[in-house]
Amino acid sequence: DTGVSQNPRHKITKRGQNVTFRCDPISEHNRLYWYRQTLGQGPEFLTYFQNEAQLEKSRLLSDRFSAERPKGSFSTLEIQRTEQGDSAMYLCASSLLGNTEAFFGQGTRLTVV
Amino acid sequence: DAKTTQPNSMESNEEEPVHLPCNHSTISGTDYIHWYRQLPSQGPEYVIHGLTSNVNNRMASLAIAEDRKSSTLILHRATLRDAAVYYCIRLSGGSNYKLTFGKGTLLTVNP
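If you read the protein sequences in the order shown, they are chains A and B.
Mapped onto the working numbering, the consecutive letters of the first sequence carry residue numbers 1 to 113.
Mapped onto the working numbering, the consecutive letters of the second sequence carry residue numbers 114 to 224.
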């Protein structure tokens with residue numbers, strides 16, 4: 001297992017376009033998290049899944065954002081009608097239920113022009 | 114609200130010990146203290162965590178004050194690869210493991 005994998009690593013899109021990111025967690029990790037990080041700041045929590053159920057969403061997650069985790073394996077994060085303010089690093093993490101350590105991917109850097 | 118306070122930056126020399134402080138004066142009895150670090154262009158990486166007792170692992174040591182209002186992450190011999198942003202995080206026991214990051218401490222290691 002190579003850890004948490006995120007694709008693409010970089011995405012440049014025009015304002016108003018839709019984008020989708022994918023996260024493949026560590027096998028058998030039942031918890032999956034999405035975070036967003038802007039320059040000079042720590043990561044901010046967006047949402048998390050336990051298996052296929054989305055159990056919590058931050059108020060940062062506007063209705064233009066949607067996340068899914070079908071079958072409790074990989075997850076996708078979609079941003080519709082992107083805005084320049086969406087430019088950030090989007091990080092995915094996974095962990096085992098009850099475990100004390102989260103494993104992060106290398107992130108997808110989104111630039112909206 | 115990260116509910117922890119860390120210095121914005123610290124500097125160390127290679128092969129010297131580094132003590133990274135963190136204040137969490139409003140910590141509750143069931144909150145754990147977790148440390149993560151983020152190397153340039155990488156996602157955060159778990160370092161260590163503790164509740165009351167001091168903890169050691171292969172990466173670092175965590176010293177927790179007796180009143181639990183502060184803690185110190187200790188890197189025993191800093192290397193250039195330890196240059197990173199270090200985050201001190203309070204985590205409620207039994208929570209969904211939602212991490213609340215602050216701005217962390219940027220550690221610079223000089224050769």
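FYI, nobody ran anything at the bench for these hints, they're computed from the structure.
Be aware that a few hints might be false.
Claimed, not checked - With a Cα cut of at most 30 Å, we get these calculated DSSO-like pairs of lysine-lysine:
#1 Lys11(A) with Lys211(B)
#2 Lys11(A) with Lys216(B)
#3 Lys216(B) with Lys71(A)
#4 Lys182(B) with Lys116(B)
#5 Lys11(A) with Lys57(A)
#6 Lys116(B) with Lys71(A)
#7 Lys57(A) with Lys211(B)
#8 Lys116(B) with Lys14(A)
As the list claims (entries may be wrong) - Residues from chain B that keep clear of chain A, each with C-beta distances beyond 12 Å, as calculated:
#9 Ser125
#10 His132
#11 Thr213
Predicted model, so just to flag it, every value in this text is computed and none were measured.
Using N, Cα and C, we set each Cβ at its ideal position, and we do this for glycine too.
The hints, checked one at a time:
1. The suggested pairing of Lys11(A) with Lys211(B) holds, with an alpha-carbon distance near 26 Å, which does not exceed 30 Å.
2. With a C-alpha separation of about 25 Å, the suggested pair Lys11(A) and Lys216(B) falls inside the 30 Å cut-off, and the hint holds.
3. For the given pair, Lys216(B) sits about 35 Å from Lys71(A) by alpha-carbon distance, which is inconsistent with the 30 Å threshold.
4. With a C-alpha separation of about 11 Å, the suggested pair Lys182(B) and Lys116(B) falls inside the 30 Å cut-off, and the hint holds.
5. Annotation: proposed proximity of Lys11(A) to Lys57(A) holds, straight-line Cα distance about 23 Å (limit 30 Å).
6. A C-alpha spacing of about 35 Å is found between Lys116(B) and Lys71(A), which places the hinted pair above 30 Å, so the restraint is violated.
7. This hinted pair checks out: Lys57(A) and Lys211(B) have alpha carbons roughly 11 Å apart, not beyond 30 Å.
8. With a C-alpha separation of about 37 Å, the suggested pairing of Lys116(B) with Lys14(A) is violated against the 30 Å cut-off.
9. Under the 12 Å C-beta cut-off, the non-interface status given to Ser125(B) relative to chain A holds; the minimum distance is some 21 Å.
10. Every Cβ of chain A is farther than 12 Å from the Cβ of His132(B); the closest lies at roughly 21 Å, confirming the non-interface assignment.
11. Its beta-carbon lying about 7 Å from the closest one in chain A, Thr213(B) breaks the requirement of being farther than 12 Å from that chain.
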